[in-house]
Amino acid sequence: MMTLCFTGIRSFPKLWKSNPYLGLSLGHSYLSLFLKDCYGIREQRKWFSLKTVSAQNTKAVNLLVAKSRYVRKGDEGSNKEVSSDSHLFAAGAARKRSQMNPLREDHALPPVRNTIQLPTKPLNSEEWDKLKEDFKGDANFASWIISQMAHSRSSVDVAKSLLAWVAAKNNGIVGYDLLVRYLYLCVFHKQTSEVIDVYEIMKARYKRLEPGAYTLLIQGLVHSDRWKEALLLLEDVKKVLVPSVRNYNDCIEGALLHQDVSLAWNLYQELLGRDLIPMLKTLKAFFDFGKNVKDDQYSNKLLDILLYLRNNHLYPEESFAHSIKTWFESAPGEQWKGQFTTIKESGQCSGCGKTMESIHLSPEEYEFLKGKIMRDVIDGGDQYKKTTPQELKRFQNFVKCCPPFDIVIDGLNVAKTFPKARESQVLLDVVSQLAKQNLQLLVLGRKHMLTQHSRWRKDEMKKVQKQASCFFADNISEDDPFLLYATLQSGNHCKFITKDLMRDHKACLRDAKTQRLFFKWQQGHQLAIINRLTRSKITFQHIPSYNTVVQTTGDSWHIPYDEDTVERYSYEVPTKWLCLHRKT
Amino acid sequence: MREGSYMPIFLKMSSSITLRSCARYLLPFTIPRKRSILCSAILQRYMSSKIPGVSYPKKESTSPPEQLGLDGWKITMKSSVQEEDVSPVSSSKDEDPLAAIRELIEMWRLLGKEVPEHISEEELKTAMECVSKSSKKKYLKYLYIKEKKKKANQIKKEMKAATREKAIREQLLETTKDDKQQNFLFLRLWDRNMDIAMGWKGAQAMQFGQPLVFDMDYDNYMKPKELKNTVSQLLESEGCNRRDVDPFHLYFCNLKIDGAYHKELVKRYGEKWDKLLLTATEKSHVDLFPKDSLIYLTADSPNVMTTFKHDKIYIVGSFVDKAMQTGTSLAKAKRLKLATECLPLDRYLQWDTGTKNLTLDQMMRILLCLKNTGSWEEALKFVPRRKYSGCLEISQHSQEFVNRLKKSKTFNSSPKGSLNIHTQKRWLK
Numbered sequence: 001m002m003t004l005c006f007t008g009i010r011s012f013p014k015l016w017k018s019n020p021y022l023g024l025s026l027g028h029s030y031l032s033l034f035l036k037d038c039y040g041i042r043e044q045r046k047w048f049s050l051k052t053v054s055a056q057n058t059k060a061v062n063l064l065v066a067k068s069r070y071v072r073k074g075d076e077g078s079n080k081e082v083s084s085d086s087h088l089f090a091a092g093a094a095r096k097r098s099q100m101n102p103l104r105e106d107h108a109l110p111p112v113r114n115t116i117q118l119p120t121k122p123l124n125s126e127e128w129d130k131l132k133e134d135f136k137g138d139a140n141f142a143s144w145i146i147s148q149m150a151h152s153r154s155s156v157d158v159a160k161s162l163l164a165w166v167a168a169k170n171n172g173i174v175g176y177d178l179l180v181r182y183l184y185l186c187v188f189h190k191q192t193s194e195v196i197d198v199y200e201i202m203k204a205r206y207k208r209l210e211p212g213a214y215t216l217l218i219q220g221l222v223h224s225d226r227w228k229e230a231l232l233l234l235e236d237v238k239k240v241l242v243p244s245v246r247n248y249n250d251c252i253e254g255a256l257l258h259q260d261v262s263l264a265w266n267l268y269q270e271l272l273g274r275d276l277i278p279m280l281k282t283l284k285a286f287f288d289f290g291k292n293v294k295d296d297q298y299s300n301k302l303l304d305i306l307l308y309l310r311n312n313h314l315y316p317e318e319s320f321a322h323s324i325k326t327w328f329e330s331a332p333g334e335q336w337k338g339q340f341t342t343i344k345e346s347g348q349c350s351g352c353g354k355t356m357e358s359i360h361l362s363p364e365e366y367e368f369l370k371g372k373i374m375r376d377v378i379d380g381g382d383q384y385k386k387t388t389p390q391e392l393k394r395f396q397n398f399v400k401c402c403p404p405f406d407i408v409i410d411g412l413n414v415a416k417t418f419p420k421a422r423e424s425q426v427l428l429d430v431v432s433q434l435a436k437q438n439l440q441l442l443v444l445g446r447k448h449m450l451t452q453h454s455r456w457r458k459d460e461m462k463k464v465q466k467q468a469s470c471f472f473a474d475n476i477s478e479d480d481p482f483l484l485y486a487t488l489q490s491g492n493h494c495k496f497i498t499k500d501l502m503r504d505h506k507a508c509l510r511d512a513k514t515q516r517l518f519f520k521w522q523q524g525h526q527l528a529i530i531n532r533l534t535r536s537k538i539t540f541q542h543i544p545s546y547n548t549v550v551q552t553t554g555d556s557w558h559i560p561y562d563e564d565t566v567e568r569y570s571y572e573v574p575t576k577w578l579c580l581h582r583k584t
Numbered sequence: 001m002r003e004g005s006y007m008p009i010f011l012k013m014s015s016s017i018t019l020r021s022c023a024r025y026l027l028p029f030t031i032p033r034k035r036s037i038l039c040s041a042i043l044q045r046y047m048s049s050k051i052p053g054v055s056y057p058k059k060e061s062t063s064p065p066e067q068l069g070l071d072g073w074k075i076t077m078k079s080s081v082q083e084e085d086v087s088p089v090s091s092s093k094d095e096d097p098l099a100a101i102r103e104l105i106e107m108w109r110l111l112g113k114e115v116p117e118h119i120s121e122e123e124l125k126t127a128m129e130c131v132s133k134s135s136k137k138k139y140l141k142y143l144y145i146k147e148k149k150k151k152a153n154q155i156k157k158e159m160k161a162a163t164r165e166k167a168i169r170e171q172l173l174e175t176t177k178d179d180k181q182q183n184f185l186f187l188r189l190w191d192r193n194m195d196i197a198m199g200w201k202g203a204q205a206m207q208f209g210q211p212l213v214f215d216m217d218y219d220n221y222m223k224p225k226e227l228k229n230t231v232s233q234l235l236e237s238e239g240c241n242r243r244d245v246d247p248f249h250l251y252f253c254n255l256k257i258d259g260a261y262h263k264e265l266v267k268r269y270g271e272k273w274d275k276l277l278l279t280a281t282e283k284s285h286v287d288l289f290p291k292d293s294l295i296y297l298t299a300d301s302p303n304v305m306t307t308f309k310h311d312k313i314y315i316v317g318s319f320v321d322k323a324m325q326t327g328t329s330l331a332k333a334k335r336l337k338l339a340t341e342c343l344p345l346d347r348y349l350q351w352d353t354g355t356k357n358l359t360l361d362q363m364m365r366i367l368l369c370l371k372n373t374g375s376w377e378e379a380l381k382f383v384p385r386r387k388y389s390g391c392l393e394i395s396q397h398s399q400e401f402v403n404r405l406k407k408s409k410t411f412n413s414s415p416k417g418s419l420n421i422h423t424q425k426r427w428l429k
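If you're matching them up, the sequences are chains S and Z in order.
For the first sequence, position 60 matches number 60 in full-length UniProt numbering, and the numbering has no gaps at all.
For the second sequence, position 75 matches number 75 in full-length UniProt numbering, and the numbering has no gaps at all.
Simulated from the structure, these hints should not be mistaken for lab results.
Computed from a predicted model, the values in this text were never measured in an experiment.
No residue lacks a Cβ here, since even glycine has one placed at the ideal position from N, Cα and C.
Among the hints, a few may not be true.
[Unchecked claim] Not the full set, but computed from the structure, chain S residues with beta-carbon under 10 Å of chain Z:
no.: 1; residue: V174
no.: 2; residue: V198
no.: 3; residue: A204
no.: 4; residue: P332
no.: 5; residue: Q335
no.: 6; residue: K436
no.: 7; residue: L439
no.: 8; residue: L441
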């Protein structure tokens, strides 16, 4: 009792400091305080454990919900589609995975603090004065109200009456910010004559504008007869900054609108020359315009655009895909026929039966990627970051001595796939199942897996080592680079098993081209465990045999496209295709 | 202008807009330039006079003067000269890009963007060298904030000066009243005495203090901005150390003479740099000290620091890492085969958000506190409060630990971490 009291006294000031708002009355004795603190902590711990349990429960519930949703979705299509839906790299898969995450909170946007009812009709000066009196804020009233109007897209007349009121108060002068916001409204409501008026005013008053106003003016002017002046504005932008792809898009749309085709192409070339990635809208505009052009040169340029999409792994949106289809079908005398389809697992188009390009890399690409992975991902300028030179030597010798592997397993990732099961047990199950198929296996892990632990049983790890070659890296080394290296070193037939999406390693690669190569190789070689029905029946997701990319055989085109309703992440590929072929 | 001499035409709202846009073509502006001033005067009178402005729900009139009421401002805007002061430069067509960017910034300012009001030539050049639009904007925002702070400080200074003057005047009035002789023991030379005392302590630390190494070998991992931040943190740490009861003997190792780091330090310290009571050297820490007594502190280390050891030399990497280059300092330690440790943040604190990389001055304070008291609870108070939600009660945990030690009969004098016992054994060998 006595000691307790002492510790209580000793920790009293600390308590006082750490909980200044406990609202302690002076009547409390130190002892009770101390005890309370202890119990409080203990209770907290209990509460934490409770919380985790509840989290798991919600997770389970969510899973059920997601599953039911999933099944309902599956009713629409065939069962086969469901299985292809759950593919790691299929569009929308990440979105689905995140929906299973119980911690997702929908952050509702805070309501806009709108103290004033925005006028819907032009007001006169007294009414504006009155509104200004009602306004309680530290901002400039006129600036505030016009930005609110721009937000809610008020009519141009209301904004104009505001500007007239401001001008009357201010010797006929309207500030630049009001003008720009007014211009925004004019452009939004397509009031071309007003845009031209504002353009004249700006030209008269200011020597140079800023990118916001230039963008709006370009957007507004390209629809008018004075569209050529938008090009002058584009030149003005270039003097200080790189124009945005939107600026180029507007100018190109304007040029096409006024039938100046060569100018449009020149602008497009200039855009590409600046290493900008054009908006898909721009490319769509070329196709839409192409319907009425019967000219081989123009057609060839459109085919170049399709090749550009191919080389940069870009995918058109649904409406763009429709435009492409329409253009192909409008070609005279060529009899193109387009349809929207999917590709079977075998890599054959459901529409025309043609086989898609293989997912496998060419030998040159393969060698190139191997070198890059070695240099950028494993070495990365400092071998000590992910491993040590000694370990790297040890590993390289190990890989050289062993026969080429068929499957490389990320031991830790696989073992932790099923949180309820024991790690070493899961790993053993996977290894045994694959060993029965007479495959050469390599299990990569870390040294701590070998020490006896409740989750890592020594006898099970011994069985694993009997059935597969194993390599254990240091505990502070990374194992993924070794996995990539071993797989690549074994050759094109070798696959690897992990659920890791390898995005951080992809990011280590320097240029976009190599990253795309890596992604292609990853799609073709990564197995992921989907589920485990029984101990000896573990299913992997299938590996697509074909490459999802715009492709042609001369008399047929296959173009993957993004559906409007599906949210695709950057490391996923579309599942829907546009199939075009010549009727023979 | 024929005000009032027209017959107002009343129309329905729905058709007013179309008619108005037609009116534009029907009634082109026929106002000669000369009369624009007159026009604006009339306009003002018109706006301010109490003509019953068409109020809704009455029907709108679309007569010419009303039209002018809405469009009048355009005329004045067009006719008035450029009075907007946009740095008058030569109106030659091929002006230099510096002037162009200056104007751009000015226009951004008019739009209410966060850009500075005044900008020097050098800053303009820096802004021009920014590669992308977003980096330009970032840099300008930085300048804008800097300018704002400067202004606020200026205002504060003036306020203070005013109050001081007032106080002095009042005091003058008072002192004339009672001109008493007062007895004091000391002259007011506190600051100087403090400095001298700290100097003595520093000299003592140079002779007998425990070394603490700042590893300066990160200058090629950092951008200029990060390097500046690092130097600020170093200054702060050095100041903390100087004021402490029992300071460390600081070493700045791997400090390349005339490198970016050295230059910045000399710039910030001025002539005090040569009188600082610390060791700055181009040599590495492995050249100065025995390898087995060095411990590299890094948040990526797998080993957790249990106690502060007075016979070891701790190394702190002076590195501000905003680009999230994880594992850089751990890689350095691995290369030199040094022991590494990280602070036991997770053991003592309920970590909330933020990186576990602490700033150099926080590290310094924590180490000093550990050195003087040895209590983790006290030392980890220097971790920013926003990063953790509360302290974990360790007393329970360590009590159990002591009990377990007692059971296993390996209990020696004080409950320390197993790692410590391990090292003691190694020392005996």
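Using 10 Å as the Cβ threshold, decide whether V198/S counts as touching chain Z. holds, 8 Å
Hint check: 10 Å Cβ-Cβ cutoff, P332/S to chain Z: violated, 41 Å
Per the CB criterion, is L439/S less than 10 Å away from chain Z? Interface hint status for L439/S: violated (34 Å vs cutoff 10 Å).
Evaluation of the interface hint that places L441/S against chain Z, nearest CB under 10 Å: violated, 29 Å
Would you check whether A204/S satisfies its interface hint, that is, whether its CB is within less than 10 Å of any CB in chain Z? holds, 5 Å
Agreement of hint V174/S with chain Z interface, Cβ distance less than 10 Å: Holds: closest Cβ of chain Z sits about 6 Å from V174/S, inside 10 Å.
Let me know if the C-beta of K436/S comes in closer than 10 Å to any C-beta of chain Z, holds or violated. Because about 37 Å separates K436/S from the closest Cβ in chain Z, which is outside the 10 Å limit, the hint is violated.
Is the interface hint for Q335/S satisfied, with its Cβ closer than 10 Å to some Cβ of chain Z? violated, 47 Å
Comparing the model with each numbered hint stated earlier shows that hints 4, 5, 6, 7 and 8 do not hold.
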